[in-house]
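This is what each chain is made of:
Protein chains: 2
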Amino acid sequence: MSYVKNPMDIENKSFEIIEKEMKNHNYSIDELKIIKRVIHTTADFEYEELIEMSDNFIEVGKRILKNKPTIYTDTNMALSGINKIALRKLEAEAICYVNLEEVHKEAKEKNITRSMAAVEKAVKDNVDIFVFGNAPTALFKLKELIKEKKVSPKLIVAVPVGFVGASESKENMKDLNIPYITVRGRKGGSTVAASIINALMYMCVER
Amino acid sequence: MSYVKNPMDIENKSFEIIEKEMKNHNYSIDELKIIKRVIHTTADFEYEELIEMSDNFIEVGKRILKNKPTIYTDTNMALSGINKIALRKLEAEAICYVNLEEVHKEAKEKNITRSMAAVEKAVKDNVDIFVFGNAPTALFKLKELIKEKKVSPKLIVAVPVGFVGASESKENMKDLNIPYITVRGRKGGSTVAASIINALMYMCVER
Numbered sequence: 153m154s155y156v157k158n159p160m161d162i163e164n165k166s167f168e169i170i171e172k173e174m175k176n177h178n179y180s181i182d183e184l185k186i187i188k189r190v191i192h193t194t195a196d197f198e199y200e201e202l203i204e205m206s207d208n209f210i211e212v213g214k215r216i217l218k219n220k221p222t223i224y225t226d227t228n229m230a231l232s233g234i235n236k237i238a239l240r241k242l243e244a245e246a247i248c249y250v251n252l253e254e255v256h257k258e259a260k261e262k263n264i265t266r267s268m269a270a271v272e273k274a275v276k277d278n279v280d281i282f283v284f285g286n287a288p289t290a291l292f293k294l295k296e297l298i299k300e301k302k303v304s305p306k307l308i309v310a311v312p313v314g315f316v317g318a319s320e321s322k323e324n325m326k327d328l329n330i331p332y333i334t335v336r337g338r339k340g341g342s343t344v345a346a347s348i349i350n351a352l353m354y355m356c357v358e359r
Numbered sequence: 153m154s155y156v157k158n159p160m161d162i163e164n165k166s167f168e169i170i171e172k173e174m175k176n177h178n179y180s181i182d183e184l185k186i187i188k189r190v191i192h193t194t195a196d197f198e199y200e201e202l203i204e205m206s207d208n209f210i211e212v213g214k215r216i217l218k219n220k221p222t223i224y225t226d227t228n229m230a231l232s233g234i235n236k237i238a239l240r241k242l243e244a245e246a247i248c249y250v251n252l253e254e255v256h257k258e259a260k261e262k263n264i265t266r267s268m269a270a271v272e273k274a275v276k277d278n279v280d281i282f283v284f285g286n287a288p289t290a291l292f293k294l295k296e297l298i299k300e301k302k303v304s305p306k307l308i309v310a311v312p313v314g315f316v317g318a319s320e321s322k323e324n325m326k327d328l329n330i331p332y333i334t335v336r337g338r339k340g341g342s343t344v345a346a347s348i349i350n351a352l353m354y355m356c357v358e359r
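For the record, the sequence lines run as chains G and Y.
Sequential numbering of the first sequence, starting at 153, is according to the numbering used here.
Sequential numbering of the second sequence, starting at 153, is according to the numbering used here.
Think of the hints as simulated: they come from the structure by calculation, not from any bench.
All values derive from a computational prediction rather than experimental measurement.
Where hints are given, some of them may not hold.
One copy or any two copies: either way a pair holds, since identical chains are not told apart in the list.
Keeping only pairs whose Cα atoms sit at most 30 Å apart, straight-line, the calculated DSSO-like set for lysine-lysine is [said to hold, decoys possible]: (1) Lys-273 - Lys-185; (2) Lys-276 - Lys-172; (3) Lys-214 - Lys-262; (4) Lys-306 - Lys-273; (5) Lys-175 - Lys-214.
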């Protein structure tokens, strides 16, 4: 059987197709790299219009990634989608706390979600980048802590998916005054979150 | 701040919303459980019309899951999305081979993708269920091996996402005469793949 078997050929060809099918837009070259990778990951062109990022998101994101950051993800699935080779080249670290014993215990004691307890721990540990693809409660909690001036993360990828709280959790990201990217409305997810971090990393390292 | 913090409450409420917003359909109660969970995972109602499954997919799927199966996934991301508590209750095992040293070596020697080499190993290991959320080449390879009568898997979740080969890899699933579920066209992905397996598992175990 004949089919394209080289992963980089497949990816390049895919990005060509995506670019061809996208509508007219005002995105910069770097912004396009992120949006195309999200579409590549979902085959969903709606993201072209749903993604919103702060003007400084990419510039700051690249600078942080080049500075050996710790990246916190709300799920192990998002963590597992982040490219390990690029991470290693950047000497960056990606972590997720939701399955830690101490987080389970804390969540039970406080009657909060594990995602929330895990964010509290990540805040204490002073991580650089927060990545949310799944848990609105985690994003709500981080926003609370930012407003209480208990933390000031360097970058937020705010793309929880879902029907209860997801959309609300992503509102008014601008008011935080922290470089961010988000997806308006219900869409998003772990694959979207991971693809955004990957797109940023691929701007910083040779592949 | 007030927001719903109980994970099962969030999930139940989400499924209510999804059911309310779905169109008229002929799905059975069990089929609906799968489709709603895929929509829950993507916030994308297109899946309502894109999912196609063989008549025996759910019945056979439940029977196999109750029989301590090995589930092979094409990516670690899909693997990481499969619910570990349900797996444990079912005494089922989920595995992915793409990162194995021997698979890397085999892929390089044969000039094929790691996904393809990994499927060849999974076939040798006689896994029960194949789950593809990402790699068209893995699904193409499995279909080749089935046609050559080198393997006859018990169940296939065939939902690779993408622009090059994904759609083609999912065509004519019916002709294999193996219980399957697929997503027509480009859409799909690791989260979709994992949510289908989770939906099936939740039909078999108490949560």
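Consistency of the hints with the structure:
{"no.": "1", "hint": "Lys-273 - Lys-185", "verdict": "neither (32 Å within a copy, 35 Å between copies)"}
{"no.": "2", "hint": "Lys-276 - Lys-172", "verdict": "neither (45 Å within a copy, 41 Å between copies)"}
{"no.": "3", "hint": "Lys-214 - Lys-262", "verdict": "neither (37 Å within a copy, 37 Å between copies)"}
{"no.": "4", "hint": "Lys-306 - Lys-273", "verdict": "within (16 Å within a copy, 43 Å between copies)"}
{"no.": "5", "hint": "Lys-175 - Lys-214", "verdict": "within (26 Å within a copy, 43 Å between copies)"}
Going down the numbered hints, you'll see the structure goes against 1, 2 and 3, while the others check out.
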